[in-house]
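Protein chains in written order, with our numbering: chain A, 113 to 270; chain B, 113 to 270; chain C, 113 to 270.
Incorrect hints may appear among the rest.
Because identical chains cannot be distinguished in the list, a pair is counted as satisfied if it fits within a single copy or across any two copies.
Unchecked claim - Here are the simulated SDA-like cross-link-like pairs (lysine to any residue), alpha carbons at most 25 Å apart as the crow flies:
| # | residue 1 | residue 2 |
| --- | --- | --- |
| 1 | K200 | S117 |
| 2 | K146 | V249 |
| 3 | K207 | G139 |
| 4 | K116 | F171 |
| 5 | K186 | V205 |
| 6 | K146 | Q115 |
| 7 | K116 | Y143 |
| 8 | K116 | D260 |
| 9 | K200 | P181 |
| 10 | K169 | L237 |
| 11 | K203 | K242 |
| 12 | K178 | K200 |
| 13 | K168 | K203 |
| 14 | K242 | G183 |
| 15 | K116 | A259 |
| 16 | K186 | T234 |
| 17 | K116 | A256 |
| 18 | K207 | G170 |
| 19 | K203 | M179 |
| 20 | K186 | D247 |
| 21 | K200 | D236 |
| 22 | K242 | A188 |
| 23 | K186 | F176 |
| 24 | K203 | T232 |
| 25 | K116 | H204 |
| 26 | K161 | G198 |
| 27 | K207 | G174 |
Calculated from the structure, these hints are not laboratory results. Treat the numbers as computed from the prediction; the structure is a model and nothing was measured.
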Amino acid sequence: MEQKSTNIILFSGDYDKAMAAYIIANGAAAYDHKVTIFHTFWGINALRKQESIEVKKGFLEGMFGKMMPRGAEKLALSNMNMAGMGPKMIKHVMKKHNALTLTQLIEMAQEQEINLVSCTMTMDLLGLQKEELLDGVQYAGVAAYLADAENGAVNLFI
Amino acid sequence: MEQKSTNIILFSGDYDKAMAAYIIANGAAAYDHKVTIFHTFWGINALRKQESIEVKKGFLEGMFGKMMPRGAEKLALSNMNMAGMGPKMIKHVMKKHNALTLTQLIEMAQEQEINLVSCTMTMDLLGLQKEELLDGVQYAGVAAYLADAENGAVNLFI
Amino acid sequence: MEQKSTNIILFSGDYDKAMAAYIIANGAAAYDHKVTIFHTFWGINALRKQESIEVKKGFLEGMFGKMMPRGAEKLALSNMNMAGMGPKMIKHVMKKHNALTLTQLIEMAQEQEINLVSCTMTMDLLGLQKEELLDGVQYAGVAAYLADAENGAVNLFI
Numbered sequence: 113m114e115q116k117s118t119n120i121i122l123f124s125g126d127y128d129k130a131m132a133a134y135i136i137a138n139g140a141a142a143y144d145h146k147v148t149i150f151h152t153f154w155g156i157n158a159l160r161k162q163e164s165i166e167v168k169k170g171f172l173e174g175m176f177g178k179m180m181p182r183g184a185e186k187l188a189l190s191n192m193n194m195a196g197m198g199p200k201m202i203k204h205v206m207k208k209h210n211a212l213t214l215t216q217l218i219e220m221a222q223e224q225e226i227n228l229v230s231c232t233m234t235m236d237l238l239g240l241q242k243e244e245l246l247d248g249v250q251y252a253g254v255a256a257y258l259a260d261a262e263n264g265a266v267n268l269f270i
Numbered sequence: 113m114e115q116k117s118t119n120i121i122l123f124s125g126d127y128d129k130a131m132a133a134y135i136i137a138n139g140a141a142a143y144d145h146k147v148t149i150f151h152t153f154w155g156i157n158a159l160r161k162q163e164s165i166e167v168k169k170g171f172l173e174g175m176f177g178k179m180m181p182r183g184a185e186k187l188a189l190s191n192m193n194m195a196g197m198g199p200k201m202i203k204h205v206m207k208k209h210n211a212l213t214l215t216q217l218i219e220m221a222q223e224q225e226i227n228l229v230s231c232t233m234t235m236d237l238l239g240l241q242k243e244e245l246l247d248g249v250q251y252a253g254v255a256a257y258l259a260d261a262e263n264g265a266v267n268l269f270i
Numbered sequence: 113m114e115q116k117s118t119n120i121i122l123f124s125g126d127y128d129k130a131m132a133a134y135i136i137a138n139g140a141a142a143y144d145h146k147v148t149i150f151h152t153f154w155g156i157n158a159l160r161k162q163e164s165i166e167v168k169k170g171f172l173e174g175m176f177g178k179m180m181p182r183g184a185e186k187l188a189l190s191n192m193n194m195a196g197m198g199p200k201m202i203k204h205v206m207k208k209h210n211a212l213t214l215t216q217l218i219e220m221a222q223e224q225e226i227n228l229v230s231c232t233m234t235m236d237l238l239g240l241q242k243e244e245l246l247d248g249v250q251y252a253g254v255a256a257y258l259a260d261a262e263n264g265a266v267n268l269f270i
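Based on the provided sequences and hints, a complete structural model is requested.
Rendered as structure tokens:
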């Protein structure tokens with residue numbers, strides 16, 4: 113029997129939605145699916161390194177780079193963000209319950225050999241460069257996504 | 113021929129998105145699909161009883177419980193919420209057109225034997241307890257969702 | 113071999129989410145899929161003609177009509193909208209990179225014979241009329257969506 117696959121498009125740059133994506137992805141990998149998370153638009157922010165990386169950019173691209181959150185732990189909640197109080201509260205609750213942070217979920221995904229793909233069209237558009245993203249990330253476009261998804265057992269847009 | 117299945121993850125706590133989820137779910141049930149709505153994160157708020165239920169909680173969990181909307185009719189719109197005017201306007205329009213409210217859509221889902229599942233991990237995290245949710249709700253985690261979805265005809269994340 | 117199909121529900125009225133929907137749809141059509149975008153709730157705004165069309169409406173429906181964005185280029189971003197600065201910045205960046213605007217992506221979709229469907233229930237609810245939408249749009253309900261999606265290779269809710 114062919115290996116089933118789970119293909120998630122992570123469009124959102126919200127902390128909670130990215131958590132949901134990675135929890136499902138890690139679950140599917142444990143279920144022995146071939147799993148790919150295709151990060152596009154704001155979803156790429158989850159893959160940014162936390163430190164500022166020196167790269168040459170145009171003015172607008174530089175502004176986007178500064179305005180967008182740098183790395184998983186800087187993402188905001190989709191809901192109840194309330195001047196940043198929400199993410200603090202939820203991280204407090206997560207710590208209390210020993211839940212994994214988004215950073216830990218991403219590390220687990222890498223250990224489980226989940227394909228973390230960054231959308232090249234978005235990177236072009238927002239002026240993001242490979243040096244700014246986590247090591248091990250793959251680069252592809254919508255055609256590659258479709259080639260995976262058309263045989264996918266579980267396809268989600270998050 | 114095997115019965116087809118529709119598996120919806122309801123992540124959002126927005127009134128309109130929950131409506132969309134339940135309209136698709138009720139349609140799929142009428143289409144003779146086996147239908148499951150897996151409520152996770154803010155989506156669980158649609159399943160809360162409207163009355164305040166006395167349960168023991170930690171301080172933060174109590175705060176979450178108070179801050180989050182209690183039950184289907186308390187949810188906000190994803191769009192045009194404008195200080196609460198949006199949901200009022202849309203409920204007025206819905207009444208005029210005899211459209212079903214979210215509460216009625218949930219009742220219809222229960223009559224059609226749609227599986228309403230609440231994500232146990234989220235309940236743990238936000239400190240929600242079974243007594244606070246509607247009767248007949250089932251409790252499961254991401255593994256149960258994947259077991260259904262990997263054979264699903266229609267899988268959506270809302 | 114049967115032709116594969118991609119079925120996208122476009123619920124969101126955000127510029128960037130609509131772009132993502134149309135980019136995937138155009139990609140899938142190039143991949144020789146039968147493609148349908150089912151526009152529901154705020155997603156229908158992407159199909160509105162830009163000019164104001166004279167139609168008779170009730171008071172509330174008229175208000176909705178005035179409050180909702182008229183046509184693809186009026187949609188706001190889901191993120192970083194900042195008093196409208198976001199869409200301007202992103203359109204500037206898109207122009208610089210020769211990326212297609214949403215309007216151009218919709219035109220390409222029509223040339224590729226992608227089925228652009230508008231949800232009749234939503235039109236009823238929000239008081240939108242066929243004269244207000246682009247030529248060539250089809251009209252259907254959730255049953256038609258499910259008939260397509262239950263055999264779909266790629267089903268997404270955006």
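Here is how each hint holds up against the structure:
1. K200 with S117: Neither: 34 Å inside a copy, 38 Å across copies.
2. K146 with V249: within (16 Å within a copy, 31 Å between copies)
3. K207 with G139: For K207 and G139, the Cα distance is within 25 Å only inside one copy (20 Å; across copies 40 Å).
4. K116 with F171: Close neither inside one copy (44 Å) nor across copies (43 Å); limit 25 Å.
5. K186 with V205: both (17 Å within a copy, 24 Å between copies)
6. K146 with Q115: Both: 7 Å inside a chain and 24 Å across chains, each within 25 Å.
7. K116 with Y143: both (9 Å within a copy, 21 Å between copies)
8. K116 with D260: Both, since 11 Å and 13 Å are each at most 25 Å.
9. K200 with P181: both (15 Å within a copy, 20 Å between copies)
10. K169 with L237: within (12 Å within a copy, 41 Å between copies)
11. K203 with K242: between (29 Å within a copy, 23 Å between copies)
12. K178 with K200: For K178 and K200, both the intra-copy (22 Å) and inter-copy (17 Å) Cα distances are at most 25 Å.
13. K168 with K203: Close across copies (21 Å), not inside one copy (34 Å); limit 25 Å.
14. K242 with G183: The answer is within: 14 Å in one copy meets 25 Å, while 35 Å across copies does not.
15. K116 with A259: This pair counts as both: shortest intra-copy Cα distance 14 Å, inter-copy 12 Å.
16. K186 with T234: Answer is both; intra-copy 19 Å and inter-copy 21 Å each pass.
17. K116 with A256: Close inside one copy (17 Å) and across copies (16 Å); limit 25 Å.
18. K207 with G170: between (40 Å within a copy, 14 Å between copies)
19. K203 with M179: Both, since 22 Å and 16 Å are each at most 25 Å.
20. K186 with D247: Only inside one copy: K186 and D247 sit 18 Å apart there, 38 Å across copies, limit 25 Å.
21. K200 with D236: between (32 Å within a copy, 17 Å between copies)
22. K242 with A188: within (23 Å within a copy, 28 Å between copies)
23. K186 with F176: both (15 Å within a copy, 21 Å between copies)
24. K203 with T232: Cα proximity of K203 and T232: across copies only (18 Å, versus 31 Å in one copy).
25. K116 with H204: The answer is neither: 36 Å in one copy and 41 Å across copies each exceed 25 Å.
26. K161 with G198: both (23 Å within a copy, 23 Å between copies)
27. K207 with G174: Between. Shortest inter-copy distance 16 Å satisfies the 25 Å Cα cut-off; intra-copy 34 Å does not.
Going through the hint list in order, the structure does not satisfy hints 1, 4, 25.
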